[in-house]
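Colleague: Sequence:
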Amino acid sequence: MRNEQLADILRPDSFDAIVGQTHLFGPRGVIRRMIDSGRITNMIFFGPPGTGKTTAAAIIAARSGMLFRRFNCTSATLAEVKDALAETNNVFGTGGILLYLDEIQYFNRKQQQALLEYMEDGRVTLIASTTENPHFYIYNAIISRSSLFEFKPVSPLDMVPALTRALAYLNQANSTAVSATDEALSYIAHAVRGDVRRGIGLLENAYFAAKNDENEAENATTGAISRENVESFHVKVGSFNNDTHYDLLSCLQKSIRGSDPDATAFYVAKLVAAGDLISLCRRLQVIASEDVGLAYPQAAAIVRACCESAMELGLPEARIPLANAALLLATAPKSNSAYMAIAAATEDIERGLGVNLPKHLRSPLFEGYLYPHDYTCHYVKQQYLPGDLQGKKYYVYGDNKTEQAAAAYATLIRRDGGKKKD
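In this text, residue positions in the sequence shown follow our numbering: the first is 1, and each later residue adds one.
The hints are simulated quantities; they were obtained by calculation from the structure and are not laboratory data.
No experiment lies behind these values; they were computed from the predicted model shown.
No residue lacks a Cβ here, since even glycine has one placed at the ideal position from N, Cα and C.
Hints are all accurate, no fakes.
Quick list of simulated restraints, FRET-style, between CB atoms: (1) H190 / D13: 19 to 29 Å; (2) G387 / I143: 41 to 51 Å; (3) F266 / D83: 36 to 46 Å; (4) N140 / K421: 38 to 48 Å.
The calculated DSS-like cross-link candidates involving lysine-lysine, where the alpha carbons are at most 25 Å apart (straight line), are: (5) K381 / K359; (6) K334 / K254; (7) K381 / K421; (8) K359 / K392; (9) K419 / K381; (10) K393 / K334.
Make a model of the complete structure from these sequences and hints.
Modeller: This is the structure in C-alpha coordinates:
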(Lines of atoms letter the chains of each structure in order from A and count residues from 1; the text may use other names and numbers.)
(Lines give C-alpha, C1' and ligand atoms only; values in the text may rest on other atoms or scores of the structure.)
Protein backbone atom coordinates (compact mmCIF):
# COMPACT_ATOMS: atom_id res chain seq x y z
CA MET A 1 0.00 0.00 0.00
CA ARG A 2 1.33 3.44 -0.93
CA ASN A 3 2.00 5.61 2.15
CA GLU A 4 3.32 8.72 0.41
CA GLN A 5 0.79 11.53 0.38
CA LEU A 6 -0.73 12.38 -2.96
CA ALA A 7 0.12 16.05 -2.50
CA ASP A 8 3.80 15.11 -2.30
CA ILE A 9 3.61 12.91 -5.37
CA LEU A 10 2.02 15.73 -7.35
CA ARG A 11 4.30 18.45 -5.98
CA PRO A 12 5.07 20.92 -8.82
CA ASP A 13 8.60 20.91 -10.22
CA SER A 14 8.44 24.29 -11.96
CA PHE A 15 7.14 27.77 -11.21
CA ASP A 16 4.55 27.37 -13.99
CA ALA A 17 2.97 24.43 -12.18
CA ILE A 18 2.47 26.26 -8.87
CA VAL A 19 -1.17 27.21 -8.37
CA GLY A 20 -1.83 30.67 -7.02
CA GLN A 21 0.99 32.98 -5.90
CA THR A 22 1.17 34.71 -9.28
CA HIS A 23 2.63 37.75 -7.51
CA LEU A 24 5.65 35.58 -6.70
CA PHE A 25 5.90 33.01 -9.53
CA GLY A 26 3.78 34.30 -12.40
CA PRO A 27 5.44 35.71 -15.56
CA ARG A 28 6.14 38.95 -13.69
CA GLY A 29 6.43 37.40 -10.25
CA VAL A 30 9.15 38.90 -8.08
CA ILE A 31 10.80 35.61 -7.05
CA ARG A 32 10.63 34.23 -10.57
CA ARG A 33 12.33 37.29 -12.02
CA MET A 34 14.98 37.22 -9.30
CA ILE A 35 15.80 33.53 -9.88
CA ASP A 36 15.73 33.96 -13.67
CA SER A 37 18.35 36.69 -13.30
CA GLY A 38 20.63 34.26 -11.47
CA ARG A 39 20.29 35.85 -8.04
CA ILE A 40 19.48 33.71 -4.99
CA THR A 41 19.35 35.53 -1.68
CA ASN A 42 18.29 34.65 1.85
CA MET A 43 14.50 34.43 1.88
CA ILE A 44 11.70 34.09 4.41
CA PHE A 45 8.41 32.67 3.18
CA PHE A 46 5.39 33.33 5.38
CA GLY A 47 1.75 32.42 4.95
CA PRO A 48 -0.87 29.73 5.69
CA PRO A 49 -0.10 26.03 5.30
CA GLY A 50 -0.57 24.34 1.94
CA THR A 51 0.20 27.44 -0.13
CA GLY A 52 3.43 26.29 -1.80
CA LYS A 53 6.24 27.43 0.50
CA THR A 54 8.06 24.08 0.61
CA THR A 55 7.40 23.47 -3.08
CA ALA A 56 8.91 26.83 -4.00
CA ALA A 57 12.03 26.13 -1.93
CA ALA A 58 12.54 22.78 -3.67
CA ILE A 59 12.21 24.37 -7.13
CA ILE A 60 14.65 27.13 -6.25
CA ALA A 61 17.09 24.53 -4.93
CA ALA A 62 16.88 22.50 -8.14
CA ARG A 63 17.57 25.58 -10.23
CA SER A 64 20.42 26.81 -8.05
CA GLY A 65 22.68 23.77 -8.39
CA MET A 66 23.61 24.25 -4.73
CA LEU A 67 23.81 21.50 -2.14
CA PHE A 68 20.26 21.35 -0.71
CA ARG A 69 19.50 20.50 2.89
CA ARG A 70 15.99 20.59 4.33
CA PHE A 71 14.84 20.43 7.97
CA ASN A 72 11.51 20.78 9.73
CA CYS A 73 12.07 22.76 12.90
CA THR A 74 9.25 21.03 14.75
CA SER A 75 11.48 17.95 15.04
CA ALA A 76 15.00 18.92 13.93
CA THR A 77 17.69 19.75 16.46
CA LEU A 78 20.35 22.43 16.23
CA ALA A 79 23.00 19.71 16.24
CA GLU A 80 21.49 18.18 13.08
CA VAL A 81 21.47 21.55 11.35
CA LYS A 82 25.07 22.22 12.39
CA ASP A 83 26.13 18.87 10.96
CA ALA A 84 24.66 19.96 7.62
CA LEU A 85 26.33 23.35 7.85
CA ALA A 86 29.67 21.64 8.49
CA GLU A 87 29.49 20.36 4.91
CA THR A 88 30.51 23.86 3.80
CA ASN A 89 34.01 22.89 4.92
CA ASN A 90 34.37 20.04 2.44
CA VAL A 91 34.55 19.80 -1.33
CA PHE A 92 30.85 19.01 -1.68
CA GLY A 93 29.87 22.29 -0.10
CA THR A 94 32.29 24.56 -1.90
CA GLY A 95 29.46 25.97 -4.01
CA GLY A 96 27.51 26.82 -0.89
CA ILE A 97 24.55 25.17 0.77
CA LEU A 98 20.92 26.08 0.27
CA LEU A 99 19.40 25.45 3.70
CA TYR A 100 15.62 25.20 3.95
CA LEU A 101 14.12 25.45 7.44
CA ASP A 102 10.40 24.71 7.49
CA GLU A 103 8.40 26.11 10.45
CA ILE A 104 11.38 28.15 11.67
CA GLN A 105 9.22 29.66 14.42
CA TYR A 106 9.83 26.46 16.39
CA PHE A 107 13.55 27.32 16.66
CA ASN A 108 14.24 29.57 19.63
CA ARG A 109 16.35 32.72 19.49
CA LYS A 110 19.59 30.94 20.40
CA GLN A 111 19.06 28.31 17.72
CA GLN A 112 18.34 30.98 15.11
CA GLN A 113 21.41 33.00 16.16
CA ALA A 114 23.61 30.01 15.39
CA LEU A 115 22.81 30.46 11.68
CA LEU A 116 24.13 34.01 11.39
CA GLU A 117 27.81 33.17 11.04
CA TYR A 118 27.13 30.98 8.01
CA MET A 119 24.75 33.48 6.44
CA GLU A 120 27.12 36.41 6.82
CA ASP A 121 30.09 34.82 5.05
CA GLY A 122 27.94 33.38 2.25
CA ARG A 123 28.54 29.70 2.99
CA VAL A 124 24.82 29.21 3.50
CA THR A 125 21.84 30.67 1.70
CA LEU A 126 18.82 30.38 3.96
CA ILE A 127 15.23 29.88 2.92
CA ALA A 128 12.97 29.76 5.97
CA SER A 129 9.22 29.32 6.07
CA THR A 130 6.67 30.05 8.77
CA THR A 131 2.92 30.14 9.16
CA GLU A 132 3.26 32.96 11.70
CA ASN A 133 4.10 36.65 11.49
CA PRO A 134 7.89 36.60 10.94
CA HIS A 135 8.40 39.83 12.88
CA PHE A 136 7.08 38.09 16.01
CA TYR A 137 8.92 34.79 15.74
CA ILE A 138 12.07 35.22 13.69
CA TYR A 139 15.23 36.79 15.10
CA ASN A 140 15.59 40.37 13.82
CA ALA A 141 19.16 39.81 12.66
CA ILE A 142 17.94 37.05 10.33
CA ILE A 143 15.10 39.21 9.02
CA SER A 144 17.51 42.07 8.30
CA ARG A 145 19.63 39.72 6.16
CA SER A 146 16.68 38.27 4.24
CA SER A 147 13.93 39.16 1.80
CA LEU A 148 10.39 38.51 3.03
CA PHE A 149 7.73 37.05 0.73
CA GLU A 150 4.09 36.49 1.60
CA PHE A 151 2.27 33.38 0.38
CA LYS A 152 -1.47 33.96 0.21
CA PRO A 153 -4.30 31.42 0.56
CA VAL A 154 -4.96 29.85 -2.84
CA SER A 155 -8.27 31.02 -4.27
CA PRO A 156 -10.93 28.39 -5.10
CA LEU A 157 -10.63 29.32 -8.78
CA ASP A 158 -6.89 28.59 -8.74
CA MET A 159 -7.29 25.41 -6.71
CA VAL A 160 -9.76 23.63 -9.00
CA PRO A 161 -7.09 22.88 -11.68
CA ALA A 162 -4.90 21.29 -9.00
CA LEU A 163 -7.82 19.11 -7.89
CA THR A 164 -8.53 18.15 -11.50
CA ARG A 165 -4.91 17.08 -12.01
CA ALA A 166 -5.05 15.05 -8.79
CA LEU A 167 -8.16 13.22 -9.95
CA ALA A 168 -6.57 12.49 -13.33
CA TYR A 169 -3.52 11.03 -11.58
CA LEU A 170 -5.66 8.83 -9.35
CA ASN A 171 -7.58 7.51 -12.35
CA GLN A 172 -4.37 6.79 -14.26
CA ALA A 173 -2.62 5.17 -11.29
CA ASN A 174 -5.60 2.96 -10.45
CA SER A 175 -6.93 2.32 -13.99
CA THR A 176 -10.29 3.87 -13.13
CA ALA A 177 -12.66 6.39 -14.66
CA VAL A 178 -14.03 8.13 -11.57
CA SER A 179 -15.47 11.56 -12.33
CA ALA A 180 -16.24 14.56 -10.16
CA THR A 181 -19.03 17.08 -10.49
CA ASP A 182 -18.16 20.76 -10.76
CA GLU A 183 -20.14 21.28 -7.57
CA ALA A 184 -17.98 18.75 -5.71
CA LEU A 185 -14.71 20.29 -6.88
CA SER A 186 -15.96 23.77 -6.03
CA TYR A 187 -17.05 22.59 -2.59
CA ILE A 188 -13.59 21.17 -1.86
CA ALA A 189 -11.88 24.30 -3.14
CA HIS A 190 -13.94 26.50 -0.81
CA ALA A 191 -13.97 24.14 2.19
CA VAL A 192 -10.19 23.91 2.65
CA ARG A 193 -9.70 27.70 2.90
CA GLY A 194 -6.79 28.05 0.51
CA ASP A 195 -4.82 24.95 1.61
CA VAL A 196 -3.94 22.97 -1.54
CA ARG A 197 -2.44 20.03 0.37
CA ARG A 198 -5.61 19.63 2.38
CA GLY A 199 -7.76 19.97 -0.73
CA ILE A 200 -5.90 17.17 -2.51
CA GLY A 201 -6.15 14.98 0.59
CA LEU A 202 -9.89 15.54 0.80
CA LEU A 203 -10.29 14.75 -2.90
CA GLU A 204 -8.28 11.53 -2.51
CA ASN A 205 -10.52 10.31 0.32
CA ALA A 206 -13.65 11.14 -1.65
CA TYR A 207 -12.23 9.39 -4.74
CA PHE A 208 -11.81 6.03 -3.02
CA ALA A 209 -15.25 6.30 -1.47
CA ALA A 210 -16.92 7.23 -4.76
CA LYS A 211 -15.12 4.43 -6.61
CA ASN A 212 -17.15 1.90 -4.66
CA ASP A 213 -20.43 3.77 -4.42
CA GLU A 214 -22.01 1.92 -7.35
CA ASN A 215 -19.99 -1.26 -7.16
CA GLU A 216 -18.83 -2.62 -3.81
CA ALA A 217 -16.19 -4.86 -5.35
CA GLU A 218 -12.60 -3.94 -4.57
CA ASN A 219 -11.73 -3.59 -8.26
CA ALA A 220 -14.54 -1.13 -9.05
CA THR A 221 -13.46 1.29 -11.78
CA THR A 222 -16.30 3.76 -12.03
CA GLY A 223 -18.08 6.20 -9.80
CA ALA A 224 -18.72 9.90 -9.39
CA ILE A 225 -17.50 12.22 -6.63
CA SER A 226 -20.49 14.26 -5.51
CA ARG A 227 -20.78 17.08 -3.02
CA GLU A 228 -22.55 14.76 -0.59
CA ASN A 229 -19.70 12.32 -0.93
CA VAL A 230 -17.15 15.02 -0.07
CA GLU A 231 -19.23 16.45 2.77
CA SER A 232 -19.23 13.12 4.58
CA PHE A 233 -15.42 13.20 4.74
CA HIS A 234 -15.27 16.87 5.53
CA VAL A 235 -17.53 16.45 8.53
CA LYS A 236 -15.70 13.31 9.63
CA VAL A 237 -12.23 14.81 9.69
CA GLY A 238 -13.46 18.17 10.89
CA SER A 239 -12.42 21.64 9.92
CA PHE A 240 -10.10 23.38 12.33
CA ASN A 241 -10.59 26.82 10.87
CA ASN A 242 -9.68 30.15 12.43
CA ASP A 243 -13.10 30.49 14.08
CA THR A 244 -12.79 27.09 15.79
CA HIS A 245 -9.22 27.92 16.76
CA TYR A 246 -10.13 31.15 18.53
CA ASP A 247 -13.20 29.54 20.07
CA LEU A 248 -10.96 26.94 21.71
CA LEU A 249 -8.57 29.59 23.01
CA SER A 250 -11.54 31.53 24.38
CA CYS A 251 -12.94 28.42 26.08
CA LEU A 252 -9.54 27.70 27.59
CA GLN A 253 -9.16 31.19 29.05
CA LYS A 254 -12.67 31.22 30.48
CA SER A 255 -12.14 27.78 32.04
CA ILE A 256 -8.93 28.93 33.71
CA ARG A 257 -10.58 32.18 34.81
CA GLY A 258 -13.40 30.09 36.26
CA SER A 259 -10.92 27.88 38.18
CA ASP A 260 -12.05 24.68 36.43
CA PRO A 261 -8.97 22.41 36.07
CA ASP A 262 -10.87 19.62 34.30
CA ALA A 263 -12.18 21.84 31.50
CA THR A 264 -8.73 23.43 31.33
CA ALA A 265 -7.07 20.05 30.73
CA PHE A 266 -9.61 19.24 28.01
CA TYR A 267 -9.08 22.47 26.04
CA VAL A 268 -5.30 22.22 26.32
CA ALA A 269 -5.53 18.69 24.91
CA LYS A 270 -7.73 19.92 22.02
CA LEU A 271 -5.30 22.71 21.13
CA VAL A 272 -2.26 20.44 21.39
CA ALA A 273 -3.98 17.90 19.14
CA ALA A 274 -4.31 20.66 16.53
CA GLY A 275 -0.54 21.18 16.76
CA ASP A 276 -0.64 24.91 17.45
CA LEU A 277 1.92 25.42 20.21
CA ILE A 278 2.60 29.08 19.57
CA SER A 279 -0.95 30.38 20.00
CA LEU A 280 -1.43 28.23 23.09
CA CYS A 281 1.80 29.50 24.67
CA ARG A 282 0.88 33.10 23.91
CA ARG A 283 -2.59 32.74 25.42
CA LEU A 284 -1.29 31.06 28.59
CA GLN A 285 1.15 33.92 29.13
CA VAL A 286 -1.64 36.45 28.70
CA ILE A 287 -3.84 34.57 31.20
CA ALA A 288 -1.01 34.50 33.76
CA SER A 289 -1.01 38.30 33.92
CA GLU A 290 -4.64 39.07 33.06
CA ASP A 291 -6.52 36.59 35.23
CA VAL A 292 -4.07 35.42 37.91
CA GLY A 293 -1.99 38.56 38.01
CA LEU A 294 -0.97 39.95 41.36
CA ALA A 295 -2.76 37.24 43.31
CA TYR A 296 0.19 35.00 42.42
CA PRO A 297 2.87 37.11 40.67
CA GLN A 298 5.24 34.16 40.20
CA ALA A 299 2.71 32.51 37.90
CA ALA A 300 3.87 34.67 34.98
CA ALA A 301 7.49 33.54 35.38
CA ILE A 302 6.54 29.87 35.82
CA VAL A 303 4.25 29.89 32.79
CA ARG A 304 6.94 31.57 30.73
CA ALA A 305 9.41 28.84 31.69
CA CYS A 306 6.90 26.11 30.84
CA CYS A 307 6.19 27.67 27.44
CA GLU A 308 9.89 27.95 26.61
CA SER A 309 10.31 24.32 27.65
CA ALA A 310 7.41 23.29 25.41
CA MET A 311 8.85 25.11 22.40
CA GLU A 312 12.25 23.47 22.90
CA LEU A 313 10.75 20.01 23.39
CA GLY A 314 8.28 20.11 20.53
CA LEU A 315 5.38 17.70 20.18
CA PRO A 316 4.35 15.33 21.63
CA GLU A 317 6.30 16.04 24.87
CA ALA A 318 5.36 19.73 24.77
CA ARG A 319 1.89 18.84 26.06
CA ILE A 320 3.35 18.08 29.51
CA PRO A 321 4.81 21.50 30.43
CA LEU A 322 1.80 23.17 28.78
CA ALA A 323 -0.58 21.14 30.96
CA ASN A 324 1.58 22.03 33.95
CA ALA A 325 1.29 25.74 33.16
CA ALA A 326 -2.44 25.68 32.41
CA LEU A 327 -3.40 23.71 35.52
CA LEU A 328 -1.22 25.94 37.69
CA LEU A 329 -3.22 28.91 36.39
CA ALA A 330 -6.56 27.16 36.80
CA THR A 331 -5.90 26.30 40.45
CA ALA A 332 -4.18 29.58 41.40
CA PRO A 333 -5.93 32.46 43.18
CA LYS A 334 -7.30 35.02 40.71
CA SER A 335 -7.00 38.77 40.35
CA ASN A 336 -7.57 41.06 37.38
CA SER A 337 -6.54 44.20 39.28
CA ALA A 338 -3.48 44.87 37.09
CA TYR A 339 -5.52 44.33 33.91
CA MET A 340 -8.25 46.70 35.12
CA ALA A 341 -5.68 49.32 36.16
CA ILE A 342 -3.96 49.44 32.78
CA ALA A 343 -7.34 49.45 31.00
CA ALA A 344 -8.53 52.45 33.02
CA ALA A 345 -5.26 54.34 32.50
CA THR A 346 -5.36 53.61 28.77
CA GLU A 347 -8.89 55.01 28.57
CA ASP A 348 -7.74 58.32 30.09
CA ILE A 349 -4.77 58.49 27.72
CA GLU A 350 -7.06 57.94 24.74
CA ARG A 351 -9.21 60.82 26.03
CA GLY A 352 -6.16 63.08 25.83
CA LEU A 353 -5.59 63.43 29.57
CA GLY A 354 -2.26 63.52 31.40
CA VAL A 355 -0.28 65.38 28.74
CA ASN A 356 1.62 67.73 31.08
CA LEU A 357 3.96 65.64 33.20
CA PRO A 358 4.99 66.83 36.69
CA LYS A 359 8.02 69.09 36.38
CA HIS A 360 9.84 67.65 39.40
CA LEU A 361 9.78 64.16 37.83
CA ARG A 362 11.25 65.25 34.52
CA SER A 363 14.97 65.29 33.76
CA PRO A 364 17.49 66.81 33.72
CA LEU A 365 17.17 68.87 36.93
CA PHE A 366 14.33 67.11 38.80
CA GLU A 367 13.74 70.42 40.56
CA GLY A 368 11.68 69.87 43.69
CA TYR A 369 11.83 66.09 43.56
CA LEU A 370 11.92 64.31 46.93
CA TYR A 371 14.09 61.18 47.06
CA PRO A 372 12.03 58.52 48.93
CA HIS A 373 15.07 56.68 50.26
CA ASP A 374 15.96 59.76 52.30
CA TYR A 375 12.77 59.29 54.33
CA THR A 376 11.53 56.77 56.86
CA CYS A 377 9.93 53.65 55.37
CA HIS A 378 11.45 54.81 52.05
CA TYR A 379 8.32 56.86 51.44
CA VAL A 380 7.42 60.50 51.13
CA LYS A 381 4.19 62.02 49.89
CA GLN A 382 4.51 63.96 46.64
CA GLN A 383 2.75 64.37 43.30
CA TYR A 384 3.38 61.66 40.70
CA LEU A 385 0.38 61.87 38.38
CA PRO A 386 -0.11 64.80 35.96
CA GLY A 387 -2.09 67.66 37.40
CA ASP A 388 -5.34 66.89 35.59
CA LEU A 389 -5.29 63.35 36.97
CA GLN A 390 -4.45 64.15 40.60
CA GLY A 391 -6.28 61.82 42.96
CA LYS A 392 -7.23 59.39 40.19
CA LYS A 393 -7.37 55.74 41.32
CA TYR A 394 -6.50 53.19 38.68
CA TYR A 395 -5.40 50.31 40.85
CA VAL A 396 -7.65 48.65 43.44
CA TYR A 397 -6.06 46.01 45.67
CA GLY A 398 -7.53 42.57 45.06
CA ASP A 399 -9.14 40.51 47.82
CA ASN A 400 -6.39 37.91 47.91
CA LYS A 401 -3.60 37.24 50.37
CA THR A 402 -0.79 38.70 48.27
CA GLU A 403 -2.51 41.95 47.35
CA GLN A 404 -4.00 42.42 50.82
CA ALA A 405 -0.47 42.15 52.22
CA ALA A 406 0.58 44.83 49.74
CA ALA A 407 -2.37 46.97 50.82
CA ALA A 408 -1.37 46.61 54.46
CA TYR A 409 2.19 47.62 53.59
CA ALA A 410 0.92 50.69 51.72
CA THR A 411 -1.11 51.73 54.78
CA LEU A 412 1.93 51.22 57.01
CA ILE A 413 4.36 53.38 55.02
CA ARG A 414 1.84 56.17 54.64
CA ARG A 415 1.26 56.13 58.41
CA ASP A 416 4.84 55.79 59.66
CA GLY A 417 6.88 57.09 56.71
CA GLY A 418 7.61 60.49 55.29
CA LYS A 419 9.98 61.75 57.97
CA LYS A 420 13.40 62.95 56.90
CA LYS A 421 16.17 60.63 58.01
CA ASP A 422 19.01 62.03 60.08
